[in-house]
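**Student:** When you get a sec, could you build the whole thing from the sequences and use the hints?
In case you want the letters, here they are:
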Amino acid sequence: MTELPPVIGDYLCRRALANRRPAYLRLDHDGIIRDGGGDLAFHALSPLAVGRPVSTVLDYMEGLLPLDAHTCHLGCLQPQADLCIDVHIIPEHKTHWILLLDTREEERQRRAMQQKANELALVRESQARALSFKPSATGPEWPHVNFAPRGDRREVAVLAADLRTALEAEAEASPVDLIRQLAAMQRRMIAGLHADAGLVHSQAGTTLVALFGLLPAQGGPSEQALAAAFNLQRRLGGAEGAGVSSGGLTPPALVVTTGTALVALESVSTAVHLLALGPPLQAASQLLPTALPGRILTDANTFGAAGPLQAHFEPFAADQETPARTRYHDLRITRP
Amino acid sequence: MIKKKVCMLGAFAVGKTSLVRQFVHSIFSEKYQTTVGVKIDKKTVEREGEPVDLILWDIHGEDAFQTVRTSYLRGAAGILIVVDGTRRATLDTAFDLRQRALETVGAVPVVFVFNKSDLAAEWELDDAAIARVHQEGIATVKTSAKTGSAVAETFEMLVQAMMGNQ
Ligand SMILES: Nc1nc2c(ncn2[C@@H]2O[C@H](COP(=O)(O)OP(=O)(O)O)[C@@H](O)[C@H]2O)c(=O)[nH]1
Ligand SMILES: [Mg+2]
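Sequence lines, in order, name chains F and V.
Counting in the working numbering, the first sequence runs from 10 upward without gaps.
Counting in the working numbering, the second sequence runs from 13 upward without gaps.
The hints are simulated quantities; they were obtained by calculation from the structure and are not laboratory data.
Among the hints, erroneous ones may be present.
[To be verified] Output of the computed footprint for chain F on chain V, the stretches with three or more beta carbons under 8 Å from beta carbons of chain F: (1) 36-46; (2) 49-58; (3) 90-104.
[Claimed, not checked] Straight line, CA to CA, 25 Å or less: simulated SDA-like cross-link-like pairs of lysine to any residue: (4) Lys15(V) to Val59(F); (5) Lys158(V) to Val132(F); (6) Lys15(V) to Ile41(F); (7) Lys55(V) to Lys158(V); (8) Lys125(F) to Thr79(V); (9) Lys158(V) to Arg120(F); (10) Lys54(V) to Gln89(F); (11) Lys158(V) to Leu137(V); (12) Lys55(V) to Thr65(F); (13) Lys103(F) to Gly45(F).
Glycine included, C-beta positions come from ideal geometry on N, C-alpha and C.
**Tutor:** Pasting the structure below:
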């Protein structure tokens, strides 16, 4: 870490602790409270139960000790209705220090944002279900889309995904297992696309096509689609160092492109389907066979409209054989 | 006094908080209130005449913004992974979380809880899907945090499995 002058260090320390009501406990090697200090009253620890095992005083300490060499950070614990705290456990020669900080304000802010995001995600999920899967008993009630359900011409972004290489790589697996894995991965992709405000237009074999710009969401269609592509690769293991497994399958090849399309909703028996037609859909399906697994192939216009998201991508050195390819960005995620 | 840390895991809005509230306070609310961080609750149950304190960690849901930090799982003696029967994708999230939990805390008892059984008409998961989970050697149960159906039994089942481990 950079060495800071004491005056700056002290300032940062004071800033970080302002309104945080810090309190600490010192435990012996048996997890017995030896002493403590700071704002113990705020943390409902006053008078301090010196001599008692910490897990009988703080329920959430059950099972946590002893730590090996590393500190342990537990963010935003709510041990009772009116408390929200950060707990840091710091080991020192087989004894432990516990640092408690008030995070009610942070929790309040995060909760407000999270609440909106989750509610929106639930609405989108149910809309998407109404659109492509779930027949409604009463016949089509058009879900809330931002185009005329009977037919409209819209700027959309198309995201096409292909899992074909998953089949090649897993040639030894039994067909049943493979199909199951593929289906599970496609379900996860569809759930991800819905969560990112995409509407699934078609699913055939190993490919999946979704449209962006048709459900209420923030940002333009390009931005939404590239964000969704980014999230897919990150979640399905396309990004380097991604923590989530893709169930053993190789990640999808993705194409994102934009343009004007004709869109409409159509009810077939009792289910509602999205119909779409136009150059971006055609372009996406033509480009898809040239896209590589784990990466995102997109055109200069779409990428140019991606705003701050651009910083997360890096053009991947594409082979220069086909001149047409040079007009496209072959993207690799750099900062998951 | 025996104490056991139990973690509730699952996608967002599957009913983790509702299950704990039903189990501990016997109340249910239709209103959805997102959990940020972890709500800690406690309930004493009896097992063979002995009281057992369950320390319940109601952990925030897995969603686009928050991935579950594995530090929360430290010291867990049992894990309930909640699935929303009306949202099929929450089962995939459940498998992901189970994998991560096993890597963090090792082979502690895990139960897959298929919640919202009162909304039968909206279910996207059929009995065959649940049977397949069972075939993988994972304990399964169907609950409703709304009606209270099988809620206490679910925690009992986990206690059995946790104590059997000793
Ligand atoms: N009908 C029904 N709704 C439920 C049930 N469990 C939870 N809910 C509702 O589902 C939403 C999310 O529940 P919550 O417990 O906050 O989910 P969490 O995010 O997993 O903690 C709330 O609106 C609850 O009222 C259930 O068993 N049946
Ligand atoms: Mg909750």
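**Student:** Decide, hint by hint, whether the structure agrees.
**Tutor:** A quick look at each hint next to the structure:
no. : hint                   : result
1   : 36-46                  : holds (count 3)
2   : 49-58                  : holds (count 5)
3   : 90-104                 : holds (count 4)
4   : Lys15(V) to Val59(F)   : 21 Å, holds
5   : Lys158(V) to Val132(F) : 21 Å, holds
6   : Lys15(V) to Ile41(F)   : 17 Å, holds
7   : Lys55(V) to Lys158(V)  : 19 Å, holds
8   : Lys125(F) to Thr79(V)  : 17 Å, holds
9   : Lys158(V) to Arg120(F) : 23 Å, holds
10  : Lys54(V) to Gln89(F)   : 10 Å, holds
11  : Lys158(V) to Leu137(V) : 19 Å, holds
12  : Lys55(V) to Thr65(F)   : 14 Å, holds
13  : Lys103(F) to Gly45(F)  : 17 Å, holds
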